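In case you want the letters, here they are:
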Amino acid sequence: MSITLDQVTKQYAGVPVVNDVSLDIGDGEFFVLLGPSGSGKSTLLRAIAGLSGVDHGRIALHGRDVTHVAARKRGVGLVFQNYALFRHMTVAENIEFALRVRRMRGRARRQRRQELLRLVSLEGMDDRLPAQLSGGQQQRVAVARALAHKPEVLLLDEPFGALDAKIREELRRTIRQVQRELGITTVLVTHDQEEAFAMADRIGIMNLGRLLEVGEPHDLYSQPATRFVATFLGAANLLLARRSADGIQLGATTVATIDRNPGVSEYEVVAVVRPEEVELAPTRAALTSGYLAHGVVDEMVFTGALESLRVRLDDGAQAPLMASADRAGHAALQVTRTQHEQRDFEVRTGQSVAIGVRRLHVLPTPLSSFTACAQSAAQAEALSRQPLLAELSARMKTRIAVRVEPRLGVADAPCEALGDFVGTTVMAAQSDCAQRAEWLLRRGAKDLLVLPDQAPAPQRVLIHWMGDAARGATLAMSASVLRHLPAEAVYVGIQPDDAKATPPHGMRELLDARSEAQAAHGLDMRTELRFGEVSQELARRLEESPAQMLIIGVTDLTRFAERFRALLEGGRWPVLIAQRATP
Amino acid sequence: MSWRKPSVLPGFGLTFGFTTFFLSAIVLLPLAALILAAGSMHWSDFVHVVLSRRALGSYRLSFGASLLAASINLVFGFILAWTLVRYEFPGRKIIDALIDLPFALPTAVSGIALATVFAQNGWIGRWLEPLGIKVAYTWLGVTLALTLISMPFAVRAVQPALLEVQRDLEEAAETLGARRFYVFRRIILPTVLPALLTGFTLAFARAVGEYGSVIFIAGNLPMKTEITPLLIVIHLEEFDYQGAAALGVVMLAISFLMLLTINLLQTWGRRRHVQAAH
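In order, the protein sequences belong to chains A and B.
Each residue of the first sequence is one higher than the last, beginning at 3 in the numbering used here.
Each residue of the second sequence is one higher than the last, beginning at 4 in the numbering used here.
What the hints contain is simulated information worked out from the structure, not anything from laboratory work.
Nothing here was measured: the structure is a model prediction, and the numbers come from that model.
No false leads were slipped in.
In silico DMTMM-like pairs for lysine to aspartate or glutamate, Cα to Cα no more than 20 Å straight-line:
hint: 1; chain 1: A; residue 1: Lys152; chain 2: B; residue 2: Glu174
hint: 2; chain 1: A; residue 1: Lys152; chain 2: A; residue 2: Glu95
hint: 3; chain 1: A; residue 1: Lys75; chain 2: B; residue 2: Glu174
hint: 4; chain 1: A; residue 1: Lys168; chain 2: A; residue 2: Glu197
hint: 5; chain 1: A; residue 1: Lys399; chain 2: A; residue 2: Glu383
hint: 6; chain 1: A; residue 1: Lys152; chain 2: A; residue 2: Glu31
hint: 7; chain 1: A; residue 1: Lys75; chain 2: B; residue 2: Asp171
hint: 8; chain 1: A; residue 1: Lys75; chain 2: B; residue 2: Glu173
hint: 9; chain 1: A; residue 1: Lys152; chain 2: A; residue 2: Glu183
Chain A regions said to be covered by chain B (calculated; three or more residues, Cβ under 8 Å):
hint: 10; region: 69–82
hint: 11; region: 89–102
From the three backbone atoms N, C-alpha and C, an ideal C-beta is built for every residue, glycine too.
Use the sequences and the hints to build the structure in full.
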């Protein structure tokens, strides 16, 4: 491995900018770190270069631990967005800088310089000053300069940011060519997904300091694991679907899946439909793919090779739900069509069309949607507007539905499933909310968020599960939440007081939890071990500092309200409960 | 008016007229009067005044001490500016404000203060005395006073240039394998050199013209600790206006020559890089 990052964390003023990033980059690989601005990708690159230290974790280059090695001894070449050429030196002096530092002889130096200038096609420019070159030429000089001392790793920090489209493309090609010719391991940081696709062997996508997914461009595009990646890499329609024993039910259509699992009860999932996988036809019968719904063309934009449309879905019981609809519930599907498709079926704005889906991908994400549940419509509405919930749903691109349960918490209400609870149910944390929570959990709510009034965005998420059946669900849910919040994850292991004498057992549990989180969910978390009664210890831990959140898995609802009263009615922290019965 | 380039800002005629008038009234006319006053002297009288041993001694002290003071400020002014620009520490704002104090203080006050501290029985002078170092009433005292009053010029000239040195450049040099001192010598220094020279020039000009603070600490012994501005005042007190004007003209000439040389040096330095490109 050329570059190995192990749980690298960097904080500014207590806020993690790079959060527990682990990554291996192979020899000669062209790796692209992609993410929106502020996602921590540049900070990570600077950490690899040695220009900023890390607070936690380890960095190794070619097997050599360089975590505490100065930048000048790391043997990396770095190219900056604004070129950072030495303006008082000529092109030749700039390129030879690293060679002069190393006291290379004049003749060898000149030879190496000629070689580099040829590599970036700038022969004969030796005596120019940077100010006399165009932006693209300056960046070529910067690349040559960074390669002069034959570094083992080349790092590029948004190198095309300041260039116009045509030059950018040309320079992209040059850099890719140089990289192949030298076989040098390269990391490029960018926020431009097109650039990432054009250059990368593999892409790593960062958001809020976390490395969300790593993979080859095609795999990431066709099979993203998270909503963020699905929508950040190209356009995507996110639809809510039902996963049942037969397959995936999306609106009026059921798509059969290979992995049938009879016996599993129905649950909600998020389906990704790329705009180019949507088919439009005059009638349902004319569709060649699975029918989704009818709709009306709202907007058409001609973009050259492609036509881009927005199609509003008709309302109706069978209509599929958009995962991210606006408040009024207006769901519009993004569609792109090739010239060929346009010729086959011409549409105009306002026209009614039948919509089909050629291909869809189901996200393995556990948090599909939120439903704010309260005794009255007004309370439910108010709950759905809570800032933390609104922020979470905006970041996760999920919708918030509202549900009124007039008899919520009434003890003698018949204990049977009331319609189904899909997605995550949200209730307000208030007095006797423990009992309401039990009421909802017993009536079929599987995932329940107990949300205090005006709860702040958490900086730390505590994770715990009671009973192994809930472990997988708790970890999956934690991973999903933490991908969307800039918070640190802490698994709290709790052993009964009398187990203090035999600590090895507790430690094993912590290590197992951590490695499972890492392996199955890509979630890096810290671990803590405490002794005592579970809900008391958790409440005590939550008391310790503000802005914390708890994600807890439960299997057994016996005396739930009583056991969890202290935890839920303490009131200042949100608690997300995952209920999974022991089979 | 063919030399007049089209400009977004109107009023070239007005502003140029004002510039000429202002420069003439405030700078050129008084200087012309000075030269005229000296010109009314007989040539041999002029030479006699200007090349007297006392006058020659005063030139040496005035320009020597000024050059020394400006050189000291070149080094320490740079360090001061560097500290203020590059580091965050408690009291940084206060120190930043203190730099300007010598600007605001009446120079006589600075002179008296220095004389008090560095006199043989002063706070610092009494510790230097046993070591055989006399500051007050020697050329050392003159240099010290000139250093104090010209210090803000050096610091303030370099500060903005240092602010502009991009961190990227230093980081780029570091990843290329350069040690700190190498980065300083090859990257930072060349970038701020013009500003350093400007600071040096300003500090030197200020020191040459200084009078108030020096006379209190210099002791004013003819040939030894007498600066040229003082000699001019002595001539004035003897109602020898022509002698004073003659000395003034010499100071003017030497100062002008030195400033011109530094300016030319700067221009040459700037042009060298542009020429290197062809």
